[in-house]
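Participant: Below, each chain spelled out in residue letters.
2 protein chains.
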Amino acid sequence: MESLFERTLAAIKPSDKEVEKAAWKRLDNLTKPRGSLGRLEELAAQYAAARGSLKAAVEKPCVLVFGADHGVAVQNVSAFPQAVTVQMAANIAAGGAGVSVLARHAGASLRMVDVGIATDAPMPGVVNRKVAKGSADFTLGPAMTQEQCRQALEAGIEEAQDAIAAGSTLLGTGDLGIANTTPSAALYSAYLGIDPEEIVGRGTGIDDARMKSKVEAVRCALAVNAGALNDPFDTLAALGAAAKRVPIVIDGFISGAAAVAALKLKPEAMDYCFFSHASAEGGHKKAMNAIGACPLLGLGLRLGEGTGAALAFNLVQAGNKILLEMASFDEAGVSGSEV
Amino acid sequence: MESLFERTLAAIKPSDKEVEKAAWKRLDNLTKPRGSLGRLEELAAQYAAARGSLKAAVEKPCVLVFGADHGVAVQNVSAFPQAVTVQMAANIAAGGAGVSVLARHAGASLRMVDVGIATDAPMPGVVNRKVAKGSADFTLGPAMTQEQCRQALEAGIEEAQDAIAAGSTLLGTGDLGIANTTPSAALYSAYLGIDPEEIVGRGTGIDDARMKSKVEAVRCALAVNAGALNDPFDTLAALGAAAKRVPIVIDGFISGAAAVAALKLKPEAMDYCFFSHASAEGGHKKAMNAIGACPLLGLGLRLGEGTGAALAFNLVQAGNKILLEMASFDEAGVSGSEV
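Chains as they are written, first to last, in numbering that gives the first Met the number 0: chain A, 0 to 338; chain B, 0 to 338.
Any given hint might turn out to be false.
No distinction is drawn between identical chains; accordingly, a pair holds when it is met within one copy or between any pair of copies.
To be verified - Derived lysine to any residue pairs resembling SDA-like cross-links, with alpha carbons at most 25 Å apart:
no., residue 1, residue 2
1, LYS265, MET122
2, LYS20, VAL223
3, LYS263, ALA9
4, LYS265, VAL18
5, LYS320, ALA89
6, LYS320, GLY34
These aren't lab readings, by the way, just hints derived from the structure by calculation.
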């Protein structure tokens, strides 16, 4: 029998190009100079094509935040102690974190999912899908076993499916985990051939000494795990959403690395991805450029958690409403262009 | 007796730098790496300083769209006939235009104000503050008399005051009027010393021949009106808001030209201005750079009407909520940075 992972990959098809064409036709007839709403119009057309309908509205947007600890945290790569992962999962669930505020502001629901936080303690409000109490240190060998990796990926697919079953037609990805920019940098390096020096950034704000350790850790991990897939915890949330034709808004550096992994597995998933913001972290802009993505916002964010995704929901919804709610020249009795 | 205009200028004071300092102190203690919410944090601090309180929330945002016809429309500078101004004012008031949709999406109210539309017909839902049935052609002489100019400016102040009296603590500017990018380009040229060739853009989408006429019209107007202030219809909405310590979100090319005029009159008004987006129109980016403004969004918008302002409300509100709603490290029991 095929696994959930294989079935999901097989279910992903390109978005509906006929609907996209029809969306552009409608957009070109709305009461505005052609193309004058810029990228909002692109968002509207991409959303309609993904959903396969000109009439599809964005319903119940939901941010999925996947939390896990990374064994590489022992390698002096972060400014914060590992205990912060548990503490921040509780803060996110309780409503006090950046993503909690921005999801609420966007009118979006938020699910904080534990895929591998290094604790036994119960965390109220956090969904338990724990695969392990933290991954292994990937500078010494694989971060996890193949079976653990499959479990983590399927957790992502299932979370996306659950949110869609609850009525969401727009998902957002987020991440939590001390040291998580380190494996993300390694993923970008491995998949896009970007040198660690160019992709590694200062994460939560590390000094020069830790920066050197971090680049070293990435180089080491790439050598030790040559060719293997590392830590793509939320990769498959994007694939799970694409399989159901529900677009997903990718957050920043970490979710972006997972998206790069997802796109390597299934390039068609690109039709379902919106890239929310150009992160201030490391070589994110270079990586986005390499996959042909042009992030929507450029506000210097580098918090992660899904904060950029939550913020960009507003733009996707705005584009969607332009298509659904604006009057055409005919409908409003407005004269068209003379030229 | 001093005029409303003079009283308003005198009432504008710099924003509260002590509150700004306190806002940064709070922002630095919230549960995130310092500065990691980028420009959202700057928005939060600027808003608090403008309002003079750490606890000030954004209430009842309102977009003010000022419509007027420009005599220069006869000079072959636009792709649309002048009748479109009247038609679009009705469309905006009826809810079918771009700014109608985006203001609704932002949860903002919208006032469509007629300051000088070239018609006698009543326009349901449009506020009547008509100074003239269109301005004169400024390539032949002044666009309006000094008295008309004062009336138009005071209409802007009074509209801002009315919105504030109704409870708005964040205003947005917008514009409507066939040919209005032409006088706006002239304002940028006159105030910032940018050559017409570099600032004039294609507006609603004009061809090369009309582009040449448009540059010529601007050159001609600058020569004919050397040193005079032209057409700043919505300038004083910004000043009216600043006088009441209510921040205002400036739309794009046209509102930006009015803001440049306002800043020349009262540089302190800058503390109360948020610049919503880098317009795709002409030399807007260059002009924003010249006044030290860094627009929030870069989405290729060039519709005007206040669409960019309405879209950027969401970001100002997001920054504001970060300050008001996020937990500090102490409050959430989260460990701080080790370095």
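Participant: Hints first: check each against the structure and report whether it holds.
Facilitator: Hint check:
no. : hint            : verdict
1   : LYS265 x MET122 : neither (34 Å within a copy, 54 Å between copies)
2   : LYS20 x VAL223  : neither (47 Å within a copy, 48 Å between copies)
3   : LYS263 x ALA9   : within (14 Å within a copy, 61 Å between copies)
4   : LYS265 x VAL18  : within (22 Å within a copy, 51 Å between copies)
5   : LYS320 x ALA89  : between (35 Å within a copy, 20 Å between copies)
6   : LYS320 x GLY34  : within (16 Å within a copy, 33 Å between copies)
Hint compliance for this structure: hints 1, 2 are broken, all remaining hints hold.
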